[in-house]
Structures are given as C-alpha cells and as structure tokens.
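Asks: One-letter residues, chain by chain:
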Amino acid sequence: MSEIKNIVEALLLSSGEPLSADRIHKIINSKKSCTKADILETIDELNIEYNEKEIEVTRVASGFRIQAKSSINDFLNIIYAEKTPRYSRALMETLSIIAYKQPVTRGDIESIRGVSVSSSIMRTLTDRNWIKIVGYKDVPGKPAMFSTTNEFLDYFGLEKLTELPDLPDIKEPENLNLDLEPETLNEVTAVSSDQLN
Amino acid sequence: MSEIKNIVEALLLSSGEPLSADRIHKIINSKKSCTKADILETIDELNIEYNEKEIEVTRVASGFRIQAKSSINDFLNIIYAEKTPRYSRALMETLSIIAYKQPVTRGDIESIRGVSVSSSIMRTLTDRNWIKIVGYKDVPGKPAMFSTTNEFLDYFGLEKLTELPDLPDIKEPENLNLDLEPETLNEVTAVSSDQLN
Amino acid sequence: MDKNIDKPIQAEMPFAIVQGEQLTELPKDLYIPPVALQVFLEAFEGPLDLLLYLIKKQNLDVLDIPIAEITEQYVDYINLMKDLELSLAGEYLLMAAMLAEIKSKMLLPIFEEIEDEDDPRAELVRRLLEYERYRVVSEEIDHLNRVERDIYLSAAETGNYQQPDILPDIELSDLVIAFKEVLKKAEMFSTLHFMKEPLSVKERMSEILEKINGSDFVKFEDLFEFSEQKIGLVVTFLAVLELMKELLIEVVQAQEFGIIHVKMLVEKETHERN
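Chains as they are written, first to last, in the numbering used here: chain A, 1 to 197; chain B, 1001 to 1197; chain C, 2001 to 2274.
Treat the hints with caution; some may be incorrect.
Stated by the list, open to error - Covered, in the sense of this in silico footprint (three residues per stretch, anywhere, with C-beta under 8 Å from a C-beta of chain B), are these stretches of chain C:
hint : stretch
1    : 2146-2155
2    : 2242-2255
To be verified - Cut-off 27 Å, straight-line C-alpha distance, at most; resulting in silico cross-link-like pairs (DSS-like, lysine-lysine):
hint : chain 1 : residue 1 : chain 2 : residue 2
3    : A       : Lys69     : A       : Lys101
4    : A       : Lys5      : B       : Lys1036
5    : A       : Lys132    : B       : Lys1036
6    : B       : Lys1036   : A       : Lys31
7    : A       : Lys69     : B       : Lys1036
8    : A       : Lys5      : A       : Lys69
9    : C       : Lys2185   : C       : Lys2211
These are calculated hints, taken from the structure and not from any lab test. Please read all numbers here as calculations on a predicted model, not as lab measurements. Think of the CB as a built atom: it goes at the ideal place given N, C-alpha and C, for glycine as much as any other residue.
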C-alpha cells in the first residue's frame, strides 16, 4: 500500500491537473492491481502524512490535487508578488452572472449589467477555460449559451457550484444601503493608488 | 529544523520554478531565522526522506526543484495518452474552408472568417500534411493557394473530395441548428448534474 | 464664439435642459482630488452601477426613488464624464432618456392610487435590484481564495519524462460542424454569397494546378483523362475555365487549329526568373 501511496503522490504532483479517484485508479490499475477504495484510502493516508507538512491533498471539482497549506502563503507571496493576475470588476460581474444563471447568452449578461459585454472579457474567460459554449439558444441569431467549467471551480478551490456564496436576495432597502459607501471609496483609493504609482 | 524542512519542501513544490539555496534562505529568513547551511542541510534531509518515495530533489542550473522519479514514467504515459490534445476552433474552421472551398488563399480564408489567419495554424496544417500550396494567385502579392492533400483524404478514409459530407442548404438557417439542438441540451444537463452533485 | 449657453440644446441631449447650462464645476458631493476623479468616474460599470451609487450615497430608498432628484444628479455625472472626455457608452445616454421618460410619467396627474406595477419606476427598480445582486456576489467571489493569489498548487517537474508527441485526432463530423459554423458566421456578412458548388470542380482545379506546376506548358488535352466518363471531362473543362477566370492559368494557341497549351500564370517562387 505504501508503494501505491507513493505513486499516487507522484502522479498528483506531476499530472499538471487535478485527478479524480477513478482516473488514478485506472492509471495505476493498468500496471498494479488495486481497487478504487485503495486509492481513496491512500489519499487519506497521504493527508495524515501531510499533517505535519506544509502541503495537503484537497478535493476540487475535477478531482484531487496537492497544494501548499495557507500557513506558508506569507512565503509564497514573496515569490508570486508580481505574478498574481488581477481581474476587473467588469470581468468578475460577467463571470458571476454566468456562474449563477448558466446557461446564459451575452444578451442575458448585457441586460443584467446594463452595458454591452466586451469581447475581450469573454475571450479572457474562454482562454482561461472558465467558461464554455454549451449550445445555441433557439431564438433569432442563435446566440451562444455560456456555462462555467470545472476549471472555474478548481480555480476557486471549489468542488461544486453550490459552494459558491449565496446570491443575495436584495429586496429590503436596508440590505441595499448597508455597505456600499465605504467599499466604494476603498475601491477608488485602491484603484487610484495602483494606477498612479 | 523539521519545521524549516517542511517549508522548504512546500516552497520547492509550489514555487513554479527552481529555487536557489540563496533565494530559499532569503525567503525563509525574512520570517524565521535560519542560515544558508540550514537550507542545504534540509534539502539533503528531504532527499533521504524521498528515498522510498517516487519524487526527488534535483539540482539544475537555476537552483533546486522537485521532480518525479523516472520509475513512474509508465504511469505518466497513460496520463498523457489520455490527454488527447484538441485543435482550436480557429484551426478547424480554417481546415474546413480549405477542404470545401479549395483552392483558397489566406486572404480568402480571412474574408470568410472575418479574422486574420494565424501563421501557426497554417504551419500546423502543413506540418500535418493536410494542406499544401498548389500555386500562386495572379493578383498583387501573389498569394499562395492552398488545397487539401491526399493524406487529408486518407486520414478520413475518403477517396475523393466529393465524398466529403454534403452541407445543408445555408439559405435556411434552421437546418443548421436542428441537429445541434439535442446535443446541446444533453451537454447542458451533463454539466449541471456534474457540478451540482 | 462660445454661445452654447444661449443656444437651444441640440436634440441629441434633451435631458441637458434640466441642467440648463453646462456643468463647469464638480458636483458638490464629490470630495475627491481631481487626479483621482477620472479614475473614479471610469470605475463605474455602466448606468445601473452609477445610479446605484447615487442612490446609496444618499441613503435613498431604491424602492421609492425620488426620480427628479436622481435624474438631475445622473445627468450631472454624465456631463462631467463628457467634460473629462471619457468615452461615454451609449448605454449611459439611453439611461438618461429612460430617466427623463419616467420623470415625465410621474408628473402626470394621479387620479387614483397607483398600483405597484403601474409605477413608472417599477422596471428601473427591478433592474437595479437585479444588477445589485450580481454586483454584490461578484465582490464576494472576488474575495474567495483563488489559485495564483491565495492557493498555491504543488507540482513536481517531469524532467525525467519525455512527453510523447500526440497529434490531435479529429472526426469528419468535426470538420463539417466547423464549416457549418463558418457558414453561419459568413451569413452575417451580407456581401458574401455562398453557392453550393460541385466539389469535384474544386478538386479538379487543384489537380490541374498540380499537373501544370513545374512544367512550362502542358498540352490542353493532357489535362483530360479520357478514361473518365463524359461528366469527368466536363468537370475538367469547367475547372480549366474556372482557373482561367481566377487568372491562375493561361490557355494559349499559337496558330489556328494548332495545339492548345496551358501554362501557369504565376510560377512557383523557385522558378521565378526576376
């Protein structure tokens, strides 16, 4: 079993993408007889072994992956300081609408946001494999319908769409007025200091 | 020391690039006091620990990194064999235009698709021996004219281009989408049940 | 020269009459250094975003918007954007027109109790609330842990491993689907007309070009495969005509009833004499 555990570990580290238990089982079973239960067990064992380490096996939409524990983010932030991509509000709003209302057309997104959807945002989302076309709506023009992908969930460390924050139900005026003021100002400060420095 | 060893391990695994002992020392020393000798020692310890594992710390020009041992290559073969690469939509559209409208110039393809044809797509198709230059058009610039090859026909088990499937009459857009519809719906269902379960 | 103030405002901006004159100073409620002002205005994600900001800033009830007041402020802001020469999306102007329309409806005398759905503001309120839901949740998503910022993936190099070179496989149906996509897109360009041409002519054109390629002249009759049925000969002939039309080949006859030769109009680059 410890032999299989070591193979599972090396596979998770070198596959370049999350692996499902099924997939790991299929890969290993082709050379060494094992059951899917064995695989799941070894993953548990790995996590026990990792207890004192700074890495962990986590489960996301497309399967298992190994990642650094957040306890060492301070160190990793030094390495990644300049590399973290930033996404605009427009992109995040577009992505959110697709995530909660999927499948949606560009028209749907536009009617909610009140502005036209920029092609570059849709391209960024598609290039990142966060959204994909799942079909064409049967209305004039046959607009493409978009949904989010497992890669989108993986990126946010989620297993299922239901783990996304609840879509707020804003009916009460108090809900609406609560938090915008300070946040907006913060945002302005953040943006300006960013762009002006 | 074991604490530092675990941090070094996680840094090497998650840095995305080889790290020199100096760099690791600088990163860790910013929060936890340690010497460069400590770092080198922990790397040796890691390799001892990895003796029975399927990974190892190796030294390359720009520093240390962790890599899978060659003993798991057989398994990696299975992963990569499963990962069937796919051609982009742009490539498929370009190929289909050449197949159905040959001989065509790049300009023809661009005016049909409405976007410029990337050289890498034409190179990929040429490298694959699916298209070839059959002449140069007598217009300014003498653009090359492309046609599909016999290898292209062989690939699909066709004898002649006339065996390419007929297309629905494009004057009636409904025809185009008729057969897509059920597929689309299945896909949508598949995605949602996938992500929500 | 600047008679803008006296001139009646152009029809393109009827709502500017509300203001009466061009905005020359910042709205009183803005206490932001001028450098940051442009950034601030650019930060709005459209008319709904701007309206929500105006409503919340004054703690107004979104379900009971004082439309005249909001309209005035909204117009102030978009005038300011125009003054700063920000590219003003058409949606902003559309919203201004919508606000003006709601305002005029509200001015109509009310004879009886207004039902909720009869409130001219109802549609605007619905859109504002709907947008607000996604605006709020997108901020929450933005704060979720994410790869590259809060989650760092662990990976081992595969330096020992030579990745096999696998070429993608495609199906014939993929090709057909791709071409259908092309046609569908091309339909949008009205100038492009696709006629269903017999493929065999196309194919024959390529074959002929290949046959001629490299040699100076080819006898016209050599292009024909006489073992083919009549239809094959016709197809070849059509292909020759098509190639002539496309200025790819030239057909020459030295003398009357003499041998007809066909030559490439453009030679392969390697053969080019000049």
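Asks: None of the hints should be skipped; say for each whether it holds.
Replies: Status of each hint after checking the structure:
Coverage of a stretch by a chain is defined here by at least three residues with a beta carbon nearer than 8 Å to that chain's beta carbons; for the stretch 2146-2155 of chain C and chain B the count is 4, and the condition holds. Counting residues of the stretch 2242-2255 of chain C whose C-beta sits closer than 8 Å to any C-beta of chain B gives 3, which meets the bar of three, so the coverage hint holds. Our distance criterion of 27 Å between C-alpha atoms is broken by Lys69(A) and Lys101(A), whose separation comes to about 32 Å. A C-alpha spacing of about 32 Å is found between Lys5(A) and Lys1036(B), which places the hinted pair above 27 Å, so the restraint is violated.
Our distance criterion of 27 Å between C-alpha atoms is broken by Lys132(A) and Lys1036(B), whose separation comes to about 48 Å. This hinted pair does not check out: Lys1036(B) and Lys31(A) have alpha carbons roughly 42 Å apart, beyond 27 Å. Between Lys69(A) and Lys1036(B), the direct Cα distance comes to roughly 24 Å. Compliance with the 27 Å bound is thereby established for this hinted pair. Restraint check: the Cα-Cα separation between Lys5(A) and Lys69(A) comes to about 20 Å, which is no more than 27 Å; the hinted pair holds.
In summary, the hint linking Lys2185(C) to Lys2211(C) is not supported, as the alpha carbons are separated by about 35 Å, beyond the 27 Å threshold.
Checked against the numbered hints given earlier, the structure breaks hints 3, 4, 5, 6, 9 and satisfies all the rest.
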